[in-house]
Amino acid sequence: SAVISQKPSRDICQRGTSLTIQCQVDSQVTMMFWYRQQPGQSLTLIATANQGSEATYESGFVIDKFPISRPNLTFSTLTVSNMSPEDSSIYLCSGLRQGGGYTFGSGTRLTVV
Amino acid sequence: DAKTTQPNSMESNEEEPVHLPCNHSTISGTDYIHWYRQLPSQGPEYVIHGLTSNVNNRMASLAIAEDRKSSTLILHRATLRDAAVYYCILSLGVGGTSYGKLTFGQGTILTVHP
Chain P
1 SAVISQKPSR
11 DICQRGTSLT
21 IQCQVDSQVT
31 MMFWYRQQPG
41 QSLTLIATAN
51 QGSEATYESG
61 FVIDKFPISR
71 PNLTFSTLTV
81 SNMSPEDSSI
91 YLCSGLRQGG
101 GYTFGSGTRL
111 TVV
Chain C
1 DAKTTQPNSM
11 ESNEEEPVHL
21 PCNHSTISGT
31 DYIHWYRQLP
41 SQGPEYVIHG
51 LTSNVNNRMA
61 SLAIAEDRKS
71 STLILHRATL
81 RDAAVYYCIL
91 SLGVGGTSYG
101 KLTFGQGTIL
111 TVHP
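Going down the list, the sequences are from chains P and C. Residues in the first sequence are numbered consecutively from 1, following my numbering. Residues in the second sequence are numbered consecutively from 1, following my numbering.
Worth flagging that the hints you see were computed from the coordinates, not collected in a lab. Take these hints with a grain of salt, some might be off.
Computed beta-carbon distance windows for the label pairs [as the list claims (entries may be wrong)]: (1) C:17 to P:8: 35 to 43 Å; (2) C:29 to P:82: 41 to 49 Å; (3) C:65 to P:16: 49 to 57 Å; (4) P:65 to C:26: 27 to 35 Å; (5) C:41 to P:44: 14 to 22 Å; (6) P:26 to C:41: 18 to 26 Å; (7) C:16 to P:13: 41 to 49 Å.
Listed next, the stretches of chain C that the computed footprint assigns to chain P, with coverage defined by at least 3 CB atoms under 8 Å from CB atoms of chain P [to be verified]: (8) 28-38; (9) 45-54; (10) 101-114.
We treat Cβ as the ideally placed atom computed from N, Cα and C, and that holds for glycine.
Using the sequences and the hints, build the whole thing.
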């Protein structure tokens, strides 16, 4: 089954700065997604990362705040821009395998101070 | 998107079977039923998924009601490592506008006692 490597695993950032999270899949997946998980909560879908085109964002999430790239089938990045303490969360990427199951990265724990 | 309803928490004893229920009364014909679990400080882990027929793998079994409005994840012998949050999720099949997306609910917190 596909394995997702996500980095960094954690970071502490100053407010007003930006952080780019990378997600690398070791085999092809048909779709890739980015989620946010706030402390003690379930996962919330941010967007679907589309290869070679603009990501598809869920309600409440915008490209200016969370720009996403997916230059090929196995790699995607999520940038959290102009961070505030409210952006402190765990960010996870996910891939839909050709067999139908989803695989998840271990997450990036972001703290904004 | 079709929604799922799960109990907030369940408890089990080690080496006993666990039946985790999920209601999805608004499921459509092309929705797949997925189960994932999340251990502390980890990303969600695939457990099992199915469409209409019951499914078995080395981790668990998925029993799907004949009308597909409910399903049950069965862990045949719970271990302490099975303590996690278990999510029952529906995803649209090919052709749906939400194809591929997983919408997580709050899940069931499973506690396993030694």
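Hint by hint, here is what the structure shows:
Checking the proposed 35 to 43 Å range against residue 17 of chain C and residue 8 of chain P shows it holds: the Cβ atoms sit about 40 Å from each other. Against the hinted window of 41 to 49 Å, the Cβ-Cβ separation of residue 29 of chain C and residue 82 of chain P comes to about 44 Å, which satisfies the hint. Checked against the hint of 49 to 57 Å, the C-beta distance between residue 65 of chain C and residue 16 of chain P comes to roughly 52 Å, which is consistent with it. Distance hint check: the CB atoms of residue 65 of chain P and residue 26 of chain C are about 32 Å apart, consistent with the given range 27 to 35 Å.
Look at residue 41 of chain C against residue 44 of chain P: about 18 Å separates their beta carbons, and that is inside 14 to 22 Å. Taken as a hint, the range 18 to 26 Å holds for the pair residue 26 of chain P and residue 41 of chain C, whose Cβ atoms sit roughly 22 Å apart. Under the hint 41 to 49 Å, the C-beta atoms of residue 16 of chain C and residue 13 of chain P, about 45 Å apart, fit the expected range. A count of 3 residues in the region 28-38 of chain C with a Cβ less than 8 Å from any Cβ of chain P is obtained; the coverage claim is therefore met, three being the minimum.
A count of 3 residues in the region 45-54 of chain C with a Cβ less than 8 Å from any Cβ of chain P is obtained; the coverage claim is therefore met, three being the minimum. Using a Cβ-Cβ cut-off of 8 Å, 7 residues of the region 101-114 of chain C lie near chain P, which meets the minimum of three, so the contact claim holds.
Of the numbered hints given earlier, the model fails none.
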